[in-house]
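Here the structure of chain A is known, so what remains is to put chain B in place on it, guided by the hints.
Going down the list, the sequences are from chains A and B. Take 1 as the starting number for the first sequence in full-length UniProt numbering and just add one per residue. Take 1 as the starting number for the second sequence in full-length UniProt numbering and just add one per residue.
Some hints here could point you the wrong way.
Unchecked claim - Using 27 Å as the maximum straight-line C-alpha spacing, the simulated BS3-like pairs for lysine-lysine come out as follows: (1) Lys-534/A to Lys-477/B; (2) Lys-342/A to Lys-92/B; (3) Lys-534/A to Lys-342/B; (4) Lys-241/A to Lys-160/A; (5) Lys-500/A to Lys-405/B.
As the list claims (entries may be wrong) - Below, a sample of chain B positions facing chain A; criterion: calculated Cβ distance under 10 Å: (6) Ala-512; (7) Asp-530; (8) Lys-534; (9) His-596.
Simulated from the structure, these hints should not be mistaken for laboratory data. Here a beta-carbon is modelled for each residue, glycine too, at the ideal position from N, C-alpha and C.
2 protein chains.
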Amino acid sequence: MIGDPLPSEKLEGQLLPKHLALPIFASDALSSVAYAPQELLMILLLGGLAFLSFAPWVALAVIVLLVTVVASYRQLVKAYPSGGGDYEVAHKNLGEKAGLVVASALLVDYVLTVAVSVASGVDNIISALPFLSEFRVEIAVGFVIIIAAVNLRGVRESSKAFAIPTYIFIGSIFLMVVTGLIQTFLGHPPVAESAAYGVQAASLTQAATILLLLRAFSSGCSALTGVEAVANGVPAFRTPKIKNARRTLGMMGGIAIVLFAGLTAVALISGVHYAENPCDLQGWAQCATEPQRSLIAQIASATFGNNSLLFFVVQAATAVVLLLAANTAFNGFPLLGSVLAKDSYAPKSLNTRGDRLVYSNGMILLALAATVLLVVYQANLTQLIQLYIIGVFVSFTLGQTGMVKHWITLLRNGTTERGSVIRSLSINAFGALLTLVVLIVVTITKFTHGAYLVFIFMPILFTLMLGVNRYYRDVEKEVEVDPVTTFGSNGDHAIVLIGKMQKPGLKALDYAIAARHDSIEAVHVSIDDDATAKLQHQWIEQNIHVPLTIIESPYRDFGVPLIKYLKHRREEHGSEVVTVYLPQYIVGHWWENMLHNHRARRIRQQLMLCHGVTVALVPWLLDSSSLIYGRRSRPLPGQDRRGEPVRPIARRPLEPASAGARRTGMTAAAAESAAAKSAANAAAKTSAAAAKKSAAAAKSGGTPTAAAKQQKSKQPARAKR
Amino acid sequence: MIGDPLPSEKLEGQLLPKHLALPIFASDALSSVAYAPQELLMILLLGGLAFLSFAPWVALAVIVLLVTVVASYRQLVKAYPSGGGDYEVAHKNLGEKAGLVVASALLVDYVLTVAVSVASGVDNIISALPFLSEFRVEIAVGFVIIIAAVNLRGVRESSKAFAIPTYIFIGSIFLMVVTGLIQTFLGHPPVAESAAYGVQAASLTQAATILLLLRAFSSGCSALTGVEAVANGVPAFRTPKIKNARRTLGMMGGIAIVLFAGLTAVALISGVHYAENPCDLQGWAQCATEPQRSLIAQIASATFGNNSLLFFVVQAATAVVLLLAANTAFNGFPLLGSVLAKDSYAPKSLNTRGDRLVYSNGMILLALAATVLLVVYQANLTQLIQLYIIGVFVSFTLGQTGMVKHWITLLRNGTTERGSVIRSLSINAFGALLTLVVLIVVTITKFTHGAYLVFIFMPILFTLMLGVNRYYRDVEKEVEVDPVTTFGSNGDHAIVLIGKMQKPGLKALDYAIAARHDSIEAVHVSIDDDATAKLQHQWIEQNIHVPLTIIESPYRDFGVPLIKYLKHRREEHGSEVVTVYLPQYIVGHWWENMLHNHRARRIRQQLMLCHGVTVALVPWLLDSSSLIYGRRSRPLPGQDRRGEPVRPIARRPLEPASAGARRTGMTAAAAESAAAKSAANAAAKTSAAAAKKSAAAAKSGGTPTAAAKQQKSKQPARAKR
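Chain A with its partners taken away, still in its complex shape (with noise of 0.2 Å):
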């Protein structure tokens, strides 16, 4: 019925090679230069056109807070192989609070993944085929709706069609990086369509001035976002993990930072002139009603020729990988989640294996939230990126902080490698100060640009999340077990919930008595008198020896009369264990749910709140129910990331001969058997003969409803004809 376990050799195949773990760990991170360069050469160009002779010094400021970053993650992952991340990291050397900072940080940035990186693909969408233009927002919020269903789904990410596109992007670009710059070596440099336009000079105060250069560094660093994901997804490499997912963290700041800085190169030799406000390009007509190309598209078209296909591939290679970096955050979404439910910080079901319900609606939540944002600023690349980077430079600062702590812990307690941990201890501190600053810089440039949300946001969930881990710790508190507390009591009875005579039912009746529980009757519920007449008299006529109890209910309910009776039983016999025995269908098809159990359920809720009531529930498989074995399981979000395939139930379908045996139960033999104790279960306590009379009683012409009432007999033993 369920898989064969798999073996660890078979595992260790499902986890990720490294040329499949570069292109899903690093699209976030690379996708990311298809934005930075051009927001950095934006910012700068608000001062005017000098003020592009800073553009390489900025560039080069950001290229070294990404290889400290890299370097610095290069130390985390070899203390922290777990995939806990800067959250694990923040959490167990800095405290709680720390903890909760960085993972409030974390799901605010997952929003704002989502919302950038769909905002800027569908700007290379629009630089390629401008008459989409005025579908902005429409084309954004239907690719969010895209990524989330195919999430919702369950899609493998380890798969080429994940993997292909980055190599594809990434291939592309250096390409165009490699003929722009031959180009220039060969005496016709690129020219960008915007080279041409001017710009209005501002003319800056030296403070002002400053501030416009640190506001282009801080744009610029959008490049860094998504370079802590390889952090995260160690424990799904291959062994040697550590290796090599420090391995593939270098390839992946390598390959960044040639196409960061290649890009920049080849859009300041191109000239291309990139404005917030497209018609503050001074000499473009059009600016008010054609799309303002973006930077790669602007150097592509230049280097390969306007709408060649060179052209076309780098703008859907670069798309194609930002929806990609999209797909990310809901990849990376459960991943946390589970994280922080084993840490009780989330509800515990986000760790919960195999349960697909509980991913879907925080990736509903999480695309709703995207979309939000992504109608609020309509799909405007740069107003979305205001808000970003302040969450990722939160971590990257306390994550950095807490290994920081960590080396200096493993210094204290006296290592055996000294000279690595004080390399790690410098490299890691160098990290914390650099982002420190970097985030300062950040807060105080953006703050006023949006970035303020973020600031509302973060303490909002960060209270949520301590919430729930006090309410936690409460109820831990209330179900702790005391030297005072005992349960038990003195008797154990059984009811059988009857409704119709059918088959589930009397399994259910047939259950009860193979528990042999103390004593047994089967109650009805009586909303329709005919109903309940022929109810009683089928019971006789199966000859079915436990009792049959009638409640009456004038106003169709069952619950609350099934509890009266529950109560005045409690009130006559004291405090016994009850035991109430409910069918429940089990179906195979979504919308069958629909049409069963909504009163089995509400009667199951309502009794729940008696004394000393337990629920048994016996399930009835429909024939339908059968789909289910032949499902085939899908991957869970995150899955890949994880490291752990999922063991699906029901792999294959089940064998007919089997269903079939379950359905009509036990051999001859097993009947007489059961037959047998149920016997030997009478004869050992009271005899039937009370109920045997009510049942003759009835049958000789009495009235059934009061024969039935009767039978109250303590002695359940039932037999078919």
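Okay, now just chain B, sitting in the frame of chain A:
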């Protein structure tokens, strides 16, 4: 814990007195006079001003029809006082298919009642406050959302807040008509603001003229919508139910005729010219910018003075009554749903009393459908009315035809009251004939104007209902008792799933022991070695004699390893009944459900697919669950119309003493007796030596895991230190 049962006098007191029944059941029918005369005159004006001379005759035809339909329903109420209305009559007399046609017509009609009433209500609000004109659709959708929200939350329809507006509406419209007639009598008749506007006279052929008159008649017939409501609500009336319902029907008919005739007359006197396209009115310059005021607003303005207090009273009362009419659909819908469910044409859950959740989905669906209509048709009353009344007349015609069949059957079977039956027969036969003719007229005149949509949705609903019925029939057959099927099995084993050493698990364990299964074991699925070791240590420390089995779960899943274990057991022990005890948290806040029971639910669902497994849910009431007892019950939608007050669970707060008693369980005496029983149980079966030995081994320094795994003794016996 639950309220006392209602004595029957008290039940009678909760039924509707006539002065409340009239407004509740009549608001739908009476509100339709707010739009019927307007739509009637509007269609006539398509032919030119001269066509207004036909108006009295067309109105008279509508009134004749109204009288006929009311008379017909007075017969129906007499014969079918159970509240099933046209559906029940058609189903019983004309068969399943006819019943389902009526049902699907009514379902479509509920959606249109909401859409048309809200559109007309908004029209009258805008007539009083023209500056709201540009928000027409937004206001309409807003009202649908408010009405749905109020009903989802639960509100008593029989409250005075629902009755007073209807009376104010009747009174103010009546006053307006009388004022208008007196002014005419005194020689200075009211003059509507649109009286001076001309209309282009169309040159029509004789056939086209007749078609136009028929169309005007069709539109006027919208005055008949809602008349059937009383017939569906007979059980809600006080005794003598039938007499009271018939009298209310008569009163409603009388009022409707007076208002309809009066409004039409005063509209003609004051010269209201209302056009489908406002700019067809010659002489009105602002036709494109200003909203065309409703017929009622124009008359109120002409008789009481524009923007006078009484003008606003009329507009407000009209708007509120129209919104109340929309509200009736939200109450009538669950009523029809429960009737259909009783006959197995709709999910049976719709017939589950007191289950709010069941109604919620239906109401959300209803609100969504109405919203879509309002948005698509931009809340345009004239266009929405094209779709309306087809359903009404389908149900009228089939209902009356069913009544004819009913009377004929009575006559054939030889009734005592031949005279009365023959009178009823002739009334219903005339009604059936007339409504059939009108149905044909309405279909012909409205089909191409949008009514074709009704002919698409009705068959869809019809098919769905038939499909549900066939599905239930198949299941019924599947679970039918037959002489060969037996259940039960040769063995009875209990498994208590233990996560941590906490009270809920121990309670489940004690309950399992109380049930005295053949054998019992505690099972722990290990996903964390440390936690498992801790549990094993505590198990021995607490001296629990039930063996604890550890199941390894390399993939951190719970269900799959457990199922594997059960399957393995089954291979060893044959077909036994296995009861798996799962603790379940009962909570008081809705959000707590997000934090609990997800894993238990998933395990339950997976276990229910296994052979011979019963899942026993042992409730653990968290402190917050006491909130449930204090919770006030809220009325269910359609409750007042059904005439059966629901007796909700838990009206009064639980006494603290008994709540405490539930938690800490039994007295010392009870505990002793339970221990004695347990001991006796042990003595009667095999000895617990094996378990004790392994426990000792573990205590004396052996590996606890191995020791616990060895504890496979069949003997359950748990005792607290």
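These are the hints, each one checked on the structure:
1. Lys-534/A to Lys-477/B: Holds, at about 17 Å.
2. Lys-342/A to Lys-92/B: Distance of about 60 Å is beyond 27 Å: violated.
3. Lys-534/A to Lys-342/B: Given that 27 Å is the threshold and the Cα spacing comes to 18 Å, the pair holds.
4. Lys-241/A to Lys-160/A: Cα-Cα ~21 Å, so holds.
5. Lys-500/A to Lys-405/B: Violated, because 33 Å separates the two Cα atoms, which is more than 27 Å.
6. Ala-512: holds (9 Å)
7. Asp-530: Status violated, d = 13 Å.
8. Lys-534: violated (12 Å)
9. His-596: His-596/B check passes; min Cβ-Cβ to chain A is 8 Å, inside 10 Å.
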